[in-house]
Amino acid sequence: MALHTLRLATPELEADLGFFQVLGYALCELEEPRARLIPGSGPELHLEHAGGQPQLVPVLGGLGPREDLEGNPLAYAPPPRAATSRGQAIVLGPVLPVVDLPSSLAWYERHLGLRERFSEADTGWSELEHPEGGRFVLAFAPELDTPAMLALAVRDAAAEVERLGEYDFLPVWTRSVPWGRMAAYAAPGGLPVLLVEASSSSG
Numbered sequence: 001m002a003l004h005t006l007r008l009a010t011p012e013l014e015a016d017l018g019f020f021q022v023l024g025y026a027l028c029e030l031e032e033p034r035a036r037l038i039p040g041s042g043p044e045l046h047l048e049h050a051g052g053q054p055q056l057v058p059v060l061g062g063l064g065p066r067e068d069l070e071g072n073p074l075a076y077a078p079p080p081r082a083a084t085s086r087g088q089a090i091v092l093g094p095v096l097p098v099v100d101l102p103s104s105l106a107w108y109e110r111h112l113g114l115r116e117r118f119s120e121a122d123t124g125w126s127e128l129e130h131p132e133g134g135r136f137v138l139a140f141a142p143e144l145d146t147p148a149m150l151a152l153a154v155r156d157a158a159a160e161v162e163r164l165g166e167y168d169f170l171p172v173w174t175r176s177v178p179w180g181r182m183a184a185y186a187a188p189g190g191l192p193v194l195l196v197e198a199s200s201s202s203g
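Just so we're aligned: 131 in the UniProt record's numbering is position 131 of the sequence shown, and the numbers increase by one with no gaps anywhere.
Keep in mind that the hints were calculated from the coordinates and are not lab data.
Cβ atoms here follow ideal geometry from the backbone N, Cα and C, with glycine treated the same way.
Warning: the hint list may mix true and false statements.
To be verified - Label-pair distances were calculated between CB atoms; the ranges are:
1. Glu31 <-> Pro147: 18 to 28 Å
2. Arg117 <-> Pro147: 22 to 32 Å
3. Pro80 <-> Ala50: 18 to 28 Å
4. Pro80 <-> Ser176: 21 to 31 Å
Whole structure, please, built from the sequences with the hints as guidance.
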């Protein structure tokens, strides 16, 4: 059950499309109200115009539970056909909020076959990987109304913040973590996007 796609329902399809292209995704298909974006590595990003709050849903191959232990939605579909071009973005994975990190780690291992590859207890950040491909990040959140996020790996977070500033995209926050620096952005449609220095385990 490899993770092959991240499906994003967004109220701002056109603006989000431009934002993700600046982040390094390549546009593969556009047929409103949908767009297919391809990163340099990691799962594809499929945008779909929808009203309301943005929602990021991991899409895996095979069949399985429709939500995880803490109510984060999951979807299943055959992998999309191969793309002819790729972007530059390196997708770390979806960041799913969890209240009980140990129980959620055990759930993902038991139900989806993921294995923990990196964990930082002080920050409540755990990365999991499927043997056939695709990573998830579970992040401790004291309340479950925290939205799912998208994490991208970057070599130098400060340089990327400067580059994105040239396009008038400003970070919501930047901070140091034990493995490097992180910067958080809000896509035009509202999806939180984290830039994580690749000097972490995810490099």
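Verification of the hints:
At roughly 26 Å, the beta carbons of Glu31 and Pro147 sit within the given window of 18 to 28 Å. Between Arg117 and Pro147 the CB atoms are about 24 Å apart, so this pair conforms to the stated range of 22 to 32 Å. Between Pro80 and Ala50 the CB atoms are about 19 Å apart, so this pair conforms to the stated range of 18 to 28 Å. A hinted range of 21 to 31 Å is violated for the C-beta pair Pro80 and Ser176, which are about 37 Å apart.
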